[in-house]
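K.L.:
So the chains spell out like this:
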Amino acid sequence: MAELWAHVAQHLTLAGAALALALLAGLPLGVLAAESAGLRGGVLALAGVGRTLPSLAVLMLLLPWLGVGMAPAIVALALLAIPPIVISVDLAIRGVPAAALDAAAGMGMTPLQRFARVVVPLALPVSFSGLRTAATETIASATLATFIGAGGLGDEIVRGLQTDDAALLFAAAAVVAALALGADLALGAAGRIVAPRT
Amino acid sequence: MSSITFDGVTVRYPGAESDAVENVSFECDDGELVVLLGPSGCGKSTLLRTVNRLVPLAAGRVRIDGNDVNALDAVELRRSVGYVIQAVGLFAHMTVAQNVAVVPSLRGWSRDETARRVDELLRMIGLDPAAYRDRRPSRLSGGEAQRVGVARAIAARPRALLMDEPFGAVDAIVRTALQRELVRIVAELHTTTLFVTHDMDEAFRLADRIVVMRSGRVEQVARPQELFERPATEYVRDLVHAGDDVYRRYFMRGRALLRGLAE
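Chains as they are written, first to last, in my numbering: chain A, 1 to 198; chain B, 199 to 461.
Rather than coming from a laboratory, the hints here were simulated on the basis of the structure.
Incorrect hints may appear among the rest.
[As the list claims (entries may be wrong)] Covered stretches of chain B (chain A as the covering partner; in silico rule of three or more C-beta atoms under 8 Å from a C-beta of chain A):
id	segment
1	274-288
2	293-307
[Unchecked claim] One side only, chain B facing chain A, incomplete, derived with CB under 10 Å:
id	residue
3	N250
4	A256
5	G347
6	R350
7	R355
8	L387
We treat Cβ as the ideally placed atom computed from N, Cα and C, and that holds for glycine.
Work out the full structure: start from the sequences and follow the hints.
P.N.:
Written out as structure tokens, the structure reads:
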């Protein structure tokens, strides 16, 4: 049981770190796509390709460069989490009503004020839904990190398979599912507080 | 308070083959309500947006109180000129009070002063501050939203007011009420106002003077009465006689009468 909790902690660390990394890269990329018509095509195409890559393939592809352990697993999971973030941020920013932007400019907001006071708060709800998708996908995919020796709940599942221990297998899988659902619900609640839909 | 002068104003959008606004000159006097009237695409909104520099000039000059707007800081200029658009553009994530307070807060008014001003404005536009202050724009009717749009535009006591078809999206009954209130507010505040519309009746109801535009050019600048009596072009004549002109004659007579009483 203690081992299970350690794996839960490890699992959440993997997913959390990957998500943080994905936000760091995905937010600016999403803003870039939304604000620059010239770069949008390229950025979104890349994000689209990223979405179709199988998680396991990404882990394996990174193996030659980053080796095994936590670091490559985090990078691989982050790569998987970036596309939904980029896509939703782009969508959210471009969904800000033109009238609000026109009014903001006409009232004498500087471009920075317009972004901080109008674009960001109005884009937050849709961006948050992208973050939710990214979080659930990352938590689910972190199960695969076991294959490159990064630990997490995948260890328990694999052990369940190898020892033909169905109870362990299902318990671990259920915990992963519960974590993913929990993160989805928690982020949903946080989103309603931080960014109420108007 | 303020006059707005257009002097040979010409605008051409990038990639366009002809000018959106071509060599327009006229003056909007202090405290005057001038309506820019014309069909869609005639350049009236473009001309309006040169005043707060949302549209750059290809040639000519726009002055407020004699100051070339291009010589002023664009951000400062926009904070000193109220702007109302048809789509209203209230900020959905802010309450009514926060929306109205945008320009005062950009200009660094104190919290107390801003709060007082917001209540004063809500009363002026006929919305009970206690009931509306903390509402979100999504819980306003079209007419209420546009009232708030007007309050937001005049919140920081602008020296001029620019209105781009502000009542185009509300139903006829509400529109009439809003027009009546606008006339009252503008008279009360003595704010120089440029008002864009394609609606003849609206133009005749509101205007001290009307600028009739067609394909980027001015056809005539005149008082409503004058447009009727001495249309400068065939186009203006057709325009003023289209639709219910008997009603318009009566309306103007009533207005002239009221003016006489007021003076």
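K.L.:
Against this structure, judge whether each hint is valid.
P.N.:
Checked hints:
1. Only residues whose C-beta sits within less than 8 Å of a C-beta in chain A count toward coverage, and the segment 274-288 of chain B has 11 of them, enough to reach three; the restraint holds.
2. Check on the segment 293-307 of chain B: 3 of its residues sit with their Cβ under 8 Å from a Cβ of chain A, so the three-residue criterion for coverage holds.
3. For N250(B), the interface hint holds, the least distance from its beta-carbon to any beta-carbon of chain A being 6 Å, beneath 10 Å.
4. The interface hint given for A256(B) is broken, as the beta carbon of that residue sits about 20 Å from the closest beta carbon of chain A, more than 10 Å.
5. Because the smallest distance between the Cβ of G347(B) and any Cβ of chain A comes to about 8 Å, under 10 Å, the interface hint for this residue holds.
6. At its closest, the beta carbon of R350(B) sits 8 Å from a beta carbon of chain A; the interface hint therefore holds under the 10 Å criterion.
7. Restraint check, R355(B) versus chain A: the minimum CB separation of about 14 Å is more than 10 Å; hint violated.
8. The restraint placing L387(B) at the interface with chain A is violated, with a minimum CB-CB distance near 18 Å, outside the 10 Å limit.
Hints 4, 7 and 8 from the list above are not met by this structure, while the remaining hints are.
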